[in-house]
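Undergrad: Protein chains in written order, with the working numbering: chain A, 1 to 275; chain B, 1 to 359.
Honestly, I wouldn't trust all of these hints.
As the list claims (entries may be wrong) - In silico DSS-like cross-links for lysine-lysine, where the CA-CA straight-line distance does not exceed 30 Å:
id: 1; chain 1: A; residue 1: K235; chain 2: B; residue 2: K279
id: 2; chain 1: B; residue 1: K134; chain 2: B; residue 2: K30
id: 3; chain 1: B; residue 1: K213; chain 2: B; residue 2: K79
id: 4; chain 1: A; residue 1: K135; chain 2: B; residue 2: K208
id: 5; chain 1: A; residue 1: K135; chain 2: B; residue 2: K213
id: 6; chain 1: B; residue 1: K134; chain 2: B; residue 2: K279
id: 7; chain 1: A; residue 1: K48; chain 2: B; residue 2: K208
id: 8; chain 1: A; residue 1: K48; chain 2: A; residue 2: K235
id: 9; chain 1: B; residue 1: K79; chain 2: B; residue 2: K168
id: 10; chain 1: A; residue 1: K235; chain 2: B; residue 2: K79
id: 11; chain 1: B; residue 1: K79; chain 2: B; residue 2: K151
id: 12; chain 1: B; residue 1: K30; chain 2: B; residue 2: K79
id: 13; chain 1: A; residue 1: K91; chain 2: A; residue 2: K165
id: 14; chain 1: A; residue 1: K235; chain 2: B; residue 2: K213
id: 15; chain 1: B; residue 1: K79; chain 2: A; residue 2: K135
id: 16; chain 1: A; residue 1: K48; chain 2: B; residue 2: K79
id: 17; chain 1: B; residue 1: K134; chain 2: A; residue 2: K235
id: 18; chain 1: A; residue 1: K235; chain 2: B; residue 2: K208
id: 19; chain 1: A; residue 1: K135; chain 2: B; residue 2: K168
id: 20; chain 1: B; residue 1: K134; chain 2: B; residue 2: K168
id: 21; chain 1: B; residue 1: K279; chain 2: B; residue 2: K30
id: 22; chain 1: B; residue 1: K213; chain 2: A; residue 2: K48
Unchecked claim - Covered by chain A, per the in silico footprint, the following chain B stretches (three or more residues, Cβ under 8 Å):
id: 23; region: 76-85
id: 24; region: 226-237
Stated by the list, open to error - Label-pair distances were calculated between CB atoms; the ranges are:
id: 25; chain 1: B; residue 1: E204; chain 2: A; residue 2: F105; range: 33 to 43 Å
id: 26; chain 1: A; residue 1: V62; chain 2: B; residue 2: D46; range: 20 to 30 Å
id: 27; chain 1: A; residue 1: L9; chain 2: B; residue 2: K134; range: 55 to 65 Å
id: 28; chain 1: B; residue 1: E122; chain 2: A; residue 2: S43; range: 48 to 58 Å
id: 29; chain 1: A; residue 1: I131; chain 2: B; residue 2: A59; range: 25 to 35 Å
id: 30; chain 1: B; residue 1: T32; chain 2: A; residue 2: F105; range: 54 to 64 Å
id: 31; chain 1: A; residue 1: M103; chain 2: B; residue 2: E231; range: 37 to 47 Å
id: 32; chain 1: A; residue 1: F21; chain 2: B; residue 2: D316; range: 28 to 38 Å
id: 33; chain 1: A; residue 1: F105; chain 2: B; residue 2: T345; range: 36 to 46 Å
id: 34; chain 1: A; residue 1: L26; chain 2: B; residue 2: Q203; range: 51 to 61 Å
id: 35; chain 1: A; residue 1: G130; chain 2: B; residue 2: D46; range: 31 to 41 Å
id: 36; chain 1: B; residue 1: Q277; chain 2: A; residue 2: A38; range: 37 to 47 Å
Simulated from the structure, these hints should not be mistaken for laboratory data.
None of these values were measured; they are calculated from a predicted model.
We put the CB at the ideal spot given by N, CA and C, even for glycine.
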Amino acid sequence: MKKRNNAVLLSTPYLLWMVAFTLIPLGVVAYYALTDPATGVFSFRNLKELGMYLPVLWQSIVYSLASAVICLILGYPVAYCIAQCRPATQKFLYMLVMLPMCMSFLLRTLAWVGLLQDTGILNSLLSRIGIGPLKMIRTPGAVILGMVYNYLPYMILPLYATIVKIDHRLIEAAEDLGCNGVQVFGRVVLPLSVPGILSGMTMVFVPSVSTFYISQKLGGTDTVLIGDVIERQFKQGNNPNLGAALSLVLMLLVFVCTGIMNCFGGDSEEGGVIV
Amino acid sequence: MKKMLSLVLAVCLVLGCAAMLTGCGGGEEKTTLYVYNWGQYIAEGDDDSLDVIAAFEEAYPNIEVRYSTYDSNEIMYSKLANGGITVDVIIPSDYMIGRMRQEGMLEELNFDNIPNYQYIDESFRNTSYDPENKYSVPYTWGTVGIIYNTKYVDEADVTGWELLWNEKYAGKILMFDNSRDAFAIAQYLLGYDINTTDEAELQECADKLAEQKPVVQQYVMDQIFDAMENEEAWIAPYYAGDYLTMVAENPDLAFYQPQEQGFNMFIDAMCIPTCCQEKEAAELFINFLCDPEISAANMDYLGYSVPSSASKEFLDPELAANPVAYPSEETLRNTSSFDNLPEETSRLMESLFMEVRNG
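Sequences are here, hints too, so could you generate the full structure?
TA: Structure representation (structure tokens):
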């Protein structure tokens, strides 16, 4: 009995924090989304205007999924290799993965502008060796590159955490029973790392789908993402109601996506570790 | 060992809290003045210029200035309209002053605290946005034109606003990232009034802007400085004063004003919003910026035109004689200024521009 009271007591600060800074603001967002900007009365007007932004929303989803998949392809081998190292090396490599996150995300993205732009470092090197200036910045590729670059650590870390916990005896057992390397990986290691894959995918997808800075700096006039649109409603457009409605839709989308991913991972042994 | 660590952490936590609590009280009385201004719009001491804010704080040691910047009138407006902040001095443009005045967002100024208002020229008083000179003190004025790089742009193509639509320079053209300035360019090109409320005309302008989108590299405001100086972009519409700043970095840049089609002339003026907490300090600040010597030193750096003949005398003579900063009456013959638009028109323009940007 006493133990239970302690648990409640200990979690009170966090619960208060949640209510004050997550639940109440969510309510405010919902309130704004469902009121008319001009008159302030209840209306679905903002939700009706959303139709216009569906292509932008779709584009955001496609870009973020692409970057999540690329992160997985790049990140999995790295996480796997780290997990195979000696513990001391593991710690060191883990720190290396975290290292870029010590520098401001904005600065790192801005650095890519200097690298990729038409008069940038890469292009001046390329022109010097005779390969004309390539159009790199302001393309969808540049935006996806920015997302992958910024969020790759969020893929590697959960993958590493999952892979390192895989019981080595299972792999040995598979080998004893005649599996070759590919089969061991495909039948034992990969299925056991599904929770890490899902959690990594979510952790890359969610910040990517709502980003606005990356697309503004690395994207062109046609790579507008939903985050840009929301930002504009609050700043330039002075239409917080529509901005709130868009945010609400984005939030629902993120919930649905994480829900779907959770479903896939539902039957795994460690189901429910996602997010 | 672990116990030791948690003990240390707990002590740190307690000390931290205590410091936070005591930190709030005590200290000497100092007035904090919140100034909210356009980006790159005051001399800050770089390139041997005068650091205006530091000079003000030196002149009034009991006032501490907190300075922040915005990218466009509209961003400043939404920030103030949404409330919840303290700002003591803002420097919006003409039409925005008209709008904020009508919506009761501006305080009347006490001109006893702003004696330097006497230096403001007659032609910058009794304006349409502040007909009774109650709410604003002009800071700068200027014009909009096309900045282009003579290394890449053929002079024969520089014929008017249509240069910004020229496919020959696709991907090297920048465009305003605010609806009012962007629409004005389409309006001059199509021969419409820049203060029109006609929906069909606005729609036509939006179509014109959508037509331009494929050749536009980026919609920008102050990022234009880097892009034009580094030659990442070759053509951009912007404010004359900022052209003078850019050409100092890259002498290949030139400035062109389509006199036949017309172009925008604007006044930016200092105002005190109703969310102001330190009105007297704000008026001292406004007065300080109107001081002829201070304002001349400020404009030497900014390149914008000063609305006061008294200040002009202290200006770098080269700048004072520069036709970009101080164009002749003949050049200004076909200019027009922004008026405050009805709210409905503003909203329509903003949503049309949003469609252009997202489409």
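Undergrad: Indicate, hint by hint, whether the structure satisfies it.
TA: Going down the list of hints, with the structure as the test:
1. A:K235 to B:K279: holds (26 Å)
2. B:K134 to B:K30: holds (28 Å)
3. B:K213 to B:K79: holds (28 Å)
4. A:K135 to B:K208: holds (26 Å)
5. A:K135 to B:K213: holds (17 Å)
6. B:K134 to B:K279: Roughly 14 Å between the alpha carbons, so the hint for B:K134 and B:K279 holds.
7. A:K48 to B:K208: With a Cα-Cα distance of about 26 Å, the restraint between A:K48 and B:K208 holds, given a limit of 30 Å.
8. A:K48 to A:K235: Cα-Cα ~21 Å, so holds.
9. B:K79 to B:K168: Outside the cut-off at roughly 39 Å; violated.
10. A:K235 to B:K79: holds (7 Å)
11. B:K79 to B:K151: Not OK: B:K79 and B:K151 at ~40 Å, beyond 30 Å, violated.
12. B:K30 to B:K79: holds (26 Å)
13. A:K91 to A:K165: holds (15 Å)
14. A:K235 to B:K213: holds (22 Å)
15. B:K79 to A:K135: violated (37 Å)
16. A:K48 to B:K79: holds (25 Å)
17. B:K134 to A:K235: Answer holds: B:K134 to A:K235 is near 28 Å, not above 30 Å.
18. A:K235 to B:K208: holds (24 Å)
19. A:K135 to B:K168: Between A:K135 and B:K168 the Cα gap is close to 16 Å, so the pair holds against 30 Å.
20. B:K134 to B:K168: violated (49 Å)
21. B:K279 to B:K30: holds (14 Å)
22. B:K213 to A:K48: Status holds; Cα separation ~26 Å.
23. 76-85: Contact hint for the region 76-85 of chain B vs chain A: holds, 5 residues under 8 Å.
24. 226-237: As far as the region 226-237 of chain B goes, the hint holds, because 3 residues have Cβ atoms under 8 Å from chain A.
25. B:E204 to A:F105: 33 to 43 Å: holds (41 Å)
26. A:V62 to B:D46: 20 to 30 Å: Since A:V62 and B:D46 have Cβ atoms about 43 Å apart, the given range 20 to 30 Å is violated.
27. A:L9 to B:K134: 55 to 65 Å: Once the Cβ atoms are compared, 59 Å apart, the range 55 to 65 Å for B:K134 and A:L9 holds.
28. B:E122 to A:S43: 48 to 58 Å: With Cβ atoms ~49 Å apart, the hint holds.
29. A:I131 to B:A59: 25 to 35 Å: violated (58 Å)
30. B:T32 to A:F105: 54 to 64 Å: With Cβ atoms ~30 Å apart, the hint is violated.
31. A:M103 to B:E231: 37 to 47 Å: With Cβ atoms ~28 Å apart, the hint is violated.
32. A:F21 to B:D316: 28 to 38 Å: violated (52 Å)
33. A:F105 to B:T345: 36 to 46 Å: Between A:F105 and B:T345, where Cβ atoms are some 39 Å apart, the hint holds.
34. A:L26 to B:Q203: 51 to 61 Å: Cβ of A:L26 to Cβ of B:Q203: about 37 Å, so the range 51 to 61 Å is violated.
35. A:G130 to B:D46: 31 to 41 Å: Check passed, 39 Å falls within 31 to 41 Å.
36. B:Q277 to A:A38: 37 to 47 Å: violated (30 Å)
Going through the hint list in order, the structure does not satisfy hints 9, 11, 15, 20, 26, 29, 30, 31, 32, 34, 36.
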